[in-house]
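Using the sequences and the hints given, assemble the complete structure.
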Amino acid sequence: MRKCQVRELGRIGYGPALALQQELVAGRKQGTAPDQLLLLEHPHVITLGRNGHQENLLASAEIMDRAGISFFPTDRGGDVTYHGPGQLVAYPILDLREWQRDVGAFVRAVEQTIIDTLADYGIEAGRIPKLTGVWVGGRKIAAIGVHMSRWVTSHGLALNVNTDLSYFQYIVPCGLTKPVTSMVQLGVRVTLEEVSRTLAAHFGRVFDCEMLYEAPVLAAERENRS
Amino acid sequence: MTDVVMPQMGESIVEGTLTKWLKKPGERVERDEPLFEISTDKVDTEIPSPTAGTLVEVLVEEGKTVGINTVVARIESGAAVTPAAPAPAAPAPEAPAAAAPEAPAPESPAAPAPVAAPPVKASAPAPATPAPEAPAAAEAVAAPPVKASAPPPLPPVEEAPAEAAGPLSPLVRKMARENNVDLSRVRGTGAGGRISKQDLEAYIAQSAAAPQEATPAPVAAKPVAPAPAPAAAPVPYLAPAGQAKTRIEPMSSMRIKIAEHMVLSKRTSPHVTTIHRVDMTKVAKLRDRYKEQFKANYGFSLTYLPFITRASVAALRQFPLLNASIDGNNIVYHNEIHIGIAVALENGLIVPVIRSADEKNVLGLQRSIVDLAARARSRQLKPEEVVGGTFSITNFGSYGSLIGTPVINQPQVAIIGVGTVDKTPVVIDDGIAIRSICHLSLSFDHRLIDGALADQFMSKVKQVLENWSEEVL
Chain A
1 MRKCQVRELG RIGYGPALAL QQELVAGRKQ GTAPDQLLLL EHPHVITLGR
51 NGHQENLLAS AEIMDRAGIS FFPTDRGGDV TYHGPGQLVA YPILDLREWQ
101 RDVGAFVRAV EQTIIDTLAD YGIEAGRIPK LTGVWVGGRK IAAIGVHMSR
151 WVTSHGLALN VNTDLSYFQY IVPCGLTKPV TSMVQLGVRV TLEEVSRTLA
201 AHFGRVFDCE MLYEAPVLAA ERENRS
Chain B
1 MTDVVMPQMG ESIVEGTLTK WLKKPGERVE RDEPLFEIST DKVDTEIPSP
51 TAGTLVEVLV EEGKTVGINT VVARIESGAA VTPAAPAPAA PAPEAPAAAA
101 PEAPAPESPA APAPVAAPPV KASAPAPATP APEAPAAAEA VAAPPVKASA
151 PPPLPPVEEA PAEAAGPLSP LVRKMARENN VDLSRVRGTG AGGRISKQDL
201 EAYIAQSAAA PQEATPAPVA AKPVAPAPAP AAAPVPYLAP AGQAKTRIEP
251 MSSMRIKIAE HMVLSKRTSP HVTTIHRVDM TKVAKLRDRY KEQFKANYGF
301 SLTYLPFITR ASVAALRQFP LLNASIDGNN IVYHNEIHIG IAVALENGLI
351 VPVIRSADEK NVLGLQRSIV DLAARARSRQ LKPEEVVGGT FSITNFGSYG
401 SLIGTPVINQ PQVAIIGVGT VDKTPVVIDD GIAIRSICHL SLSFDHRLID
451 GALADQFMSK VKQVLENWSE EVL
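Quick note, the sequences are listed as chains A and B, same order. Okay, so the first sequence: first residue is 1 according to the numbering used here, each after it adds one. Okay, so the second sequence: first residue is 1 according to the numbering used here, each after it adds one.
Keep in mind that the hints were calculated from the coordinates and are not lab data. Misleading hints may appear alongside valid ones.
Stated by the list, open to error - Residues of chain B clear of chain A, computed beta-carbon distances all greater than 10 angstroms:
| # | residue |
| --- | --- |
| 1 | S12 |
| 2 | T19 |
| 3 | V386 |
Stated by the list, open to error - Some chain A residues near chain B, calculated using beta-carbon distances under 10 angstroms:
| # | residue |
| --- | --- |
| 4 | P73 |
| 5 | R76 |
| 6 | V107 |
| 7 | Q169 |
| 8 | I171 |
| 9 | P179 |
Claimed, not checked - Subject to a maximum C-alpha distance of 25 angstroms in a straight line, what follows is the list of computed DSS-like cross-link-like pairs (lysine-lysine):
| # | chain 1 | residue 1 | chain 2 | residue 2 |
| --- | --- | --- | --- | --- |
| 10 | B | K285 | B | K423 |
| 11 | B | K382 | A | K178 |
| 12 | A | K130 | A | K140 |
| 13 | B | K20 | A | K29 |
| 14 | B | K291 | B | K23 |
| 15 | A | K178 | B | K266 |
| 16 | A | K130 | B | K20 |
| 17 | B | K23 | A | K29 |
| 18 | A | K140 | A | K178 |
| 19 | B | K266 | A | K140 |
| 20 | B | K360 | B | K382 |
| 21 | B | K266 | A | K130 |
| 22 | B | K64 | A | K130 |
This one's a predicted model, so the numbers in the text were calculated from it and none came from an experiment. Don't be surprised by glycine CBs; every beta carbon is placed ideally from N, CA and C.
Listed below in structure tokens is the structure:
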């Protein structure tokens with residue numbers, strides 16, 4: 001059975017997490033690093049996908065700065081999104097050549113991981129055709145955005161556990177928004193740590209790999225966290 | 001020359017969006033060096049170059065979505081490096097190119113017959129030349145007659161393999177390239193119409209046989225050609241590419257968000273609109289009297305909008321259900337009144353919010369409206385200024401509209417639309433008078449608000465406006 005190392009990084013700045021991912025992707029491509037699943041939480045940050053348009057941001061850099069939100073253009077798929085406290089972020093660094101060379105299957109499997117996780121807490125979630133992500137009654141509970149290079153994935157999913165949903169309004173022009181929701185809004189109070197363990201277990205099942213927890217976080221990485 | 005194609009990223013993936021070229025035409029690229037990026041299903045992927053060489057031609061621009069296996073670029077292979085797919089016999093690709101201009105079928109259905117004749121003759125010795133060339137010439141020039149007399153399908157000779165249905169293995173792709181086969185002509189017998197190696201071999205064998213069978217066709221075509229001229233109908237295929245009747249351009253993200261919100265709102269709320277005619281004469285006179293002084297004092301004009309906002313606030317206080325929203329089976333009453341004012345932008349609209357509008361007088365409201373509108377247009381709004389509205393007003397009257405039926409700004413439950421204010425003859429106490437009339441529309445969410453309540457609300461708005469009593473300066 002393939003093995004996947006789980007790394008629980010706690011709260012980590014977007015920049016350091018991105019640098020770590022790039023390092024792990026390079027290692028994975030060279031075959032010096034195993035498949036890994038990074039589980040973490042970001043401080044308030046708005047990120048812009050490769051296909052995103054800056055015009056989706058109403059706020060100038062100073063305004064976001066004042067509100068304590070940082071901003072990163074990134075190379076993942078998808079448009080503008082928000083990450084912040086109370087949101088479980090999972091970044092799978094997988095070599096899809098050892099699983100299935102199929103981005104569609106990968107995205108569906110990530111969705112399935114989230115759907116199964118939510119089902120454990122009694123939340124019935126599902127897909128909406130053509131709208132990648134996981135939805136509960138027309139509200140988006142988890143977003144997906146992935147980058148791939150030589151079949152090695154990075155970035156991943158963001159699941160709203162007890163996220164302050166009002167922050168999503170920052171990225172939306174016109175006060176117009178697809179509605180979002182969170183586990184707590186649906187009446188489920190759980191800690192991020194608990195959900196992250198559940199999600200890792202389902203990830204292992206869906207991707208048919210053994211999840212290993214012993215990976216230590218390097219001291220240097222700890223210091224880099226902001 | 002190596003064709004670079006939109007790769008197939010998975011069984012279910014039939015197309016991809018080219019998001020970024022990492023090399024420019026003329027630049028050198030190494031084998032396996034990232035050449036471009038694509039996006040499929042929220043996954044962005046770097047695509048490495050299939051070969052080393054010089055990027056000579058980029059055929060798909062950034063932002064375009066094309067089917068898998070569509071040729072997106074051509075690379076002229078470097079001398080010393082990886083060989084490109086063996087070039088097809090030189091004359092082959094030229095054959096259709098030469099033939100095509102001589103088949104002006106689309107221009108006039110009658111003309112092709114005489115024009116078609118010489119090329120047919122020219123292609124008569126075709127059987128002697130390499131296999132693919134002959135059928136190509138025959139098809140390009142005399143397609144309808146050939147179709148009538150020669151049942152086997154004829155492989156066209158195109159340098160770029162067109163899109164084929166279903167995913168393809170690299171082997172099939174390579175074979176197709178080497179044999180110059182348009183895969184869209186090959187019938188796939190694999191799962192989901194997938195083209196297998198066997199399918200391709202069968203097709204190539206059949207094509208090789210075709211010229212012999214086809215030989216009599218051009219001969220037959222000559223006399224037959226004039227008659228079925230109108231049958232030269234598949235004109236659309238030959239229409240010049242440059243004269244498209246449509247232009248496709250991606251929506252801006254703002255437009256996509258607006259579209260989503262509009263559909264969401266219409267799907268969420270059963271909209272009902274009620275329209276009240278309001279006599280604005282008193283307000284108009286007040287406005288005329290103070291217009292100049294107002295402008296001199298504060299630096300901006302006095303419009304009707306702050307009056308209507310103020311009247312709406314008074315009515316919202318009296319009927320708090322219109323200032324509410326729905327959450328599941330609960331009614332959420334908002335104790336504060338935050339009024340969204342729709343502002344038209346060059347390519348969209350935005351609804352900045354006047355916070356605690358009930359704490360502002362006409363001057364304060366006008367100041368807020370001017371400030372929000374100006375900053376909306378220069379994109380200087382703060383994020384918190386476009387959220388949290390509890391009721392909205394949209395002023396389409398400024399564009400000349402008499403009456404509109406606005407869409408509710410979710411999760412609010414009502415919106416007032418303001419029509420133009422016009423001097424109109426009206427009947428008052430059996431006499432005809434000239435009054436400044438304005439039509440106010442209220443679109444409301446019929447899940448929460450009944451028609452009777454909506455009209456009581458509007459009567460209150462009307463009553464405040466028609467009996468205006470507050471100071472303006």
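Going through the hints against the structure:
1. S12: 4 angstroms, violated
2. T19: 5 angstroms, violated
3. V386: Given a closest Cβ separation of 4 angstroms, the condition is violated.
4. P73: 12 angstroms, violated
5. R76: Hint on R76(A): holds, closest Cβ of chain B at ~6 angstroms, below 10 angstroms.
6. V107: At 5 angstroms from the nearest chain B Cβ, V107(A) passes the 10 angstroms test, so the hint holds.
7. Q169: Since chain B brings a Cβ to about 4 angstroms from Q169(A), closer than 10 angstroms, the hint holds.
8. I171: 8 angstroms, holds
9. P179: With a closest approach of 8 angstroms, the P179(A) hint holds.
10. K285(B) - K423(B): 12 angstroms, holds
11. K382(B) - K178(A): 20 angstroms, holds
12. K130(A) - K140(A): The given pair, whose Cα atoms are some 13 angstroms apart, holds under the 25 angstroms limit.
13. K20(B) - K29(A): 22 angstroms, holds
14. K291(B) - K23(B): 60 angstroms, violated
15. K178(A) - K266(B): Roughly 13 angstroms separates the two Cα atoms, so the pair holds.
16. K130(A) - K20(B): 22 angstroms, holds
17. K23(B) - K29(A): Distance ~22 angstroms between K23(B) and K29(A) Cα, so the pair holds.
18. K140(A) - K178(A): Within the cut-off at roughly 8 angstroms; holds.
19. K266(B) - K140(A): Holds, because 19 angstroms separates the two Cα atoms, which is no more than 25 angstroms.
20. K360(B) - K382(B): Roughly 20 angstroms between the alpha carbons, so the hint for K360(B) and K382(B) holds.
21. K266(B) - K130(A): 20 angstroms, holds
22. K64(B) - K130(A): 18 angstroms, holds
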